[in-house]
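Going down the list, the protein sequences come from chains A and B.
According to the numbering used here, the residues represented by the first sequence are 16 to 345, in order.
According to the numbering used here, the residues represented by the second sequence are 37 to 367, in order.
Keep in mind that the hints are not guaranteed to be accurate.
Said to hold, decoys possible - Negatives, chain B to chain A, calculated, CB over 10 Å:
# : residue
1 : R107
2 : Q167
3 : H191
4 : R229
5 : D295
6 : V297
Claimed, not checked - Here's a subset of chain A near chain B, in silico, CB distances under 8 Å, partners left out:
# : residue
7 : E64
8 : S233
9 : V235
What the hints assert, rightly or not - Pairwise CB distance ranges, derived in the manner of DEER restraints:
#  : chain 1 : residue 1 : chain 2 : residue 2 : range
10 : B       : D316      : A       : S199      : 20 to 28 Å
11 : B       : G304      : A       : M200      : 38 to 46 Å
12 : B       : K150      : A       : T316      : 43 to 51 Å
13 : B       : G112      : A       : Y124      : 30 to 38 Å
14 : A       : E219      : B       : E363      : 38 to 46 Å
15 : B       : A102      : A       : M200      : 27 to 35 Å
16 : B       : S119      : A       : S199      : 41 to 49 Å
17 : B       : A340      : A       : E170      : 29 to 37 Å
18 : B       : D316      : A       : E219      : 30 to 38 Å
19 : A       : F220      : B       : S331      : 25 to 33 Å
20 : A       : R39       : B       : K150      : 23 to 31 Å
21 : A       : S199      : B       : S301      : 17 to 25 Å
22 : A       : T316      : B       : Q167      : 38 to 46 Å
Hints listed in this document are in silico derivations from the structure and should not be mistaken for laboratory results.
Treat the numbers as computed from the prediction; the structure is a model and nothing was measured.
Every residue, glycine too, gets a C-beta built ideally from N, C-alpha and C.
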Amino acid sequence: MGERKDLLSADNLVVRFRQAQGFRRAVIYPVNQVSLTIARNEVLGIVGESGSGKTTLGRALAGMVPIAQGSLWLKGRNVTELNRKRLREYWAEVQMIFQDVYNSLNPVYTVEQQLLFPIQHHALPNVEPDQELERLLHLTGLTPAAAVRTRLPHELSGGQRQRVAIVRALASGPELLVADEPVSMLDVSLGADILQLLLDLRAEFGLSIVYITHDLPSAVYLCDRILVMYGGRIVESVSADNLVKHSQHPYTQRLLAAARFEGPEESSARSSDSVTSSVLLESHRGCPYAERCPIVSEICTQTRPELVQINSDHTVACHAVSTSLEERNG
Amino acid sequence: MSDDTAILTVDHATVVYGSEAGLAQAVNDVSLAVAPGHILGVVGESGCGKSTLAQAIMRLLSPNAALVEGRIAVRGRDMYRMSENELRMFRWKHVSMVFQSALVTLNPVIPVGKQFQEIFQIHEPTMSQVQVRKRIEELLSLVRIHPQNLSNYAHELSGGMRQRIAIAMAIALDPVLVVMDEPTTALDAVVQREILDEIRRIQEIKRFAVVFISHDLRLVSYISTEIAVMYAGKIVEVGSAHHFMAAAHHHPYTQGLLDSVPKLSGEGFTIRAIPGSPPDLVHPVRGCAFHPRCSAAYDACLAASPILRSVGSSKFACFDIERRENEKAHG
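Only chain A is shown next, with the shape it has when bound in the complex (with noise of 0.2 Å):
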């Protein structure tokens, strides 16, 4: 763990919930047994569904939800327990930007109020922190700057919402983005420029990204590298151009379907159509996707399949698969 490449690591991540089910309180897992690299500069894409642990697993890189079980690692560094002091180090290296940026802004700051503080706190002593608010703002297109900077949040579109929730992230002088759903409360027209920003500024301080998100083809094009995630657990690991020839597990490839409008109708009678939670229960067997698995066998609700390694870049946790790669290899 932790070569020299990667900027960030994690080891066998184990993220535990507490949760109430009718009288009883149950232990889940949303996040299971994930390890996983990003290289410096790197766009990782986490794609899955509502309930696929996308979400706590970011937040858990984050360092905003307590990791159970496995280690984390920035630069070589354990930073899987940290105190609260060493916590805001790691906070100033590695900050998360959400889905709903209206409720991650103070509503009666201006922007200026709400992005001086950071900047003031981190800045270097030669940086005169007004002139580097300046610099932020043109850096993410929130122009006239003038103008912007006496607006409060309620004043400003969704995607100047964004941008500013950007900008606040980017005071820290950060190495790592944590983006959670960061364009899917937003129009269309206006998402696809936060998308284009976020590969700007990867190229300008050479940050990692790490992009969370349910919406296949856009994690395609951002990423260059996709963890397909369900049940808490990691199903396929591929490169973004990979993953749309070659993807291998069900389903990646259902969603992949789903994304294209294409492929046979989707229609089944199931009773339940989405990821429930037994599957992040402890006690469960086999493998997550299982009961929603169009090629389930019995081994799959008896053994959970662990990841087997196709080529360089490309794992697969799929009975199926390893199968007709243990048959094609004879």
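Using the hints, position chain B against chain A.
This is chain B only, laid out in the frame that chain A set:
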């Protein structure tokens, strides 16, 4: 546009909202018709007037909004000339609605089955309990929900199941028109696709007409027979959905929407946002509402507002498309 055979006719409808900032024209001189068995997709972004249009069709406008001009009729019957009582019996029986969140439709403290029964008690009081029960089971099997779910409360069901039940309720009395306002937007991609296929399948059996409101052009081109694109309260492009995605030309706003979204098949494709900001409905610009954001705008676009004209198999409200078409026609 007042087609006698049409299920829905909207003639020069204008809807105005009163707000602190002044009067906002949310729907501006919109005319359209939906034929039996057709699905009209209405696409646009926040503030384009698509949801207001849906509410106007249902006569469900909020208290600070009014249909100030034009006529909206379902099967020739003007809904704005009905008494409250007539309207109550007309809605659901002849025209019904599916909302973005099924929780708007479903009462949280009454089991789903009881709500189904109430629909029939109010609208079909002569039906016997046994007939009602049979009818509900038919409806549920149409949307592939097990009858045992009738005893559930709304919160006990998944988002996809709730939306299926909302659809079953909307078609319970065999309406001729169902208005669907972003019915799949709150759902995950796979479930969204399932619900769309469900709607298509049921619609092919029942042949009701649909007005399908969405912000997603690709989704709408998948489900619709016709597509109307709205901007600043007006329809700027309308045509058959069949070749829509591959059409030779589009209104500059439609093209902007298409260019803003990443495609899975488009390698080397760079997404481009539409420059400028969304239209101000209280202080509309002179001329075409889209001209401040349009790269093809010229002096005519600043002077007057274009009206919908046929070019090829579609209609466009765009001076530039008209001009290019004229140039082609005259050599």
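Hint check:
Distance check on R107(B): its Cβ is at least 31 Å (rounded) from any Cβ of chain A, clearing the 10 Å threshold; non-interface status holds. The Cβ of Q167(B) lies farther than 10 Å from every Cβ of chain A, with a closest approach of about 25 Å, so its non-interface assignment holds. Chain A leaves H191(B) outside its interface by the beta-carbon criterion, the shortest separation being 12 Å against a cut-off of 10 Å. Under the 10 Å C-beta cut-off, the non-interface status given to R229(B) relative to chain A is violated; the minimum distance is some 4 Å.
The beta carbon of D295(B) is not kept farther than 10 Å from every beta carbon of chain A, the shortest such distance being approximately 8 Å. Distance to chain A contradicts V297(B) as a non-interface residue, since its nearest Cβ pair spans about 5 Å, not more than 10 Å. Proximity of E64(A) to chain B holds as hinted, the smallest CB-CB distance being about 4 Å (cut-off 8 Å). Interface restraint check for S233(A): the shortest CB-CB distance to chain B comes to about 5 Å, inside 8 Å, so the restraint holds.
With 8 Å as the threshold, the beta carbon of V235(A) comes within range of chain B, its nearest partner Cβ sitting at about 6 Å, so the hint holds. The hinted range of 20 to 28 Å is satisfied by D316(B) and S199(A), whose Cβ atoms lie roughly 25 Å apart. For the hinted restraint 38 to 46 Å between G304(B) and M200(A), the CB-CB distance of approximately 28 Å leaves it violated. As the Cβ distance of K150(B) to T316(A) is approximately 36 Å, the hint placing it in 43 to 51 Å is violated.
For G112(B) and Y124(A), the hinted distance range of 30 to 38 Å is not satisfied, since their beta carbons lie about 56 Å from each other. Roughly 43 Å separates the CB atoms of E219(A) and E363(B), a value that falls within the hinted 38 to 46 Å. For A102(B) and M200(A), the hinted distance range of 27 to 35 Å is satisfied, since their beta carbons lie about 29 Å from each other. Restraint check, S119(B) to S199(A): a C-beta distance of roughly 43 Å satisfies the suggested window 41 to 49 Å.
A340(B) and E170(A) have their C-beta atoms about 32 Å apart, which keeps the hinted 29 to 37 Å range intact. For the pair D316(B) and E219(A), the supplied restraint of 30 to 38 Å holds, since their beta-carbon distance comes to about 33 Å. At about 31 Å, the beta-carbon gap between F220(A) and S331(B) stays in the expected band of 25 to 33 Å. At roughly 27 Å, the beta-carbon separation of R39(A) and K150(B) lies within the given 23 to 31 Å, and the hint holds.
In this structure, S199(A) and S301(B) meet the distance hint of 17 to 25 Å, their C-beta atoms being roughly 22 Å apart. Between T316(A) and Q167(B) the beta carbons are some 42 Å apart, a value that agrees with the proposed interval 38 to 46 Å.
In this structure, the earlier hints numbered 4, 5, 6, 11, 12 and 13 are contradicted, and the remaining ones agree with it.
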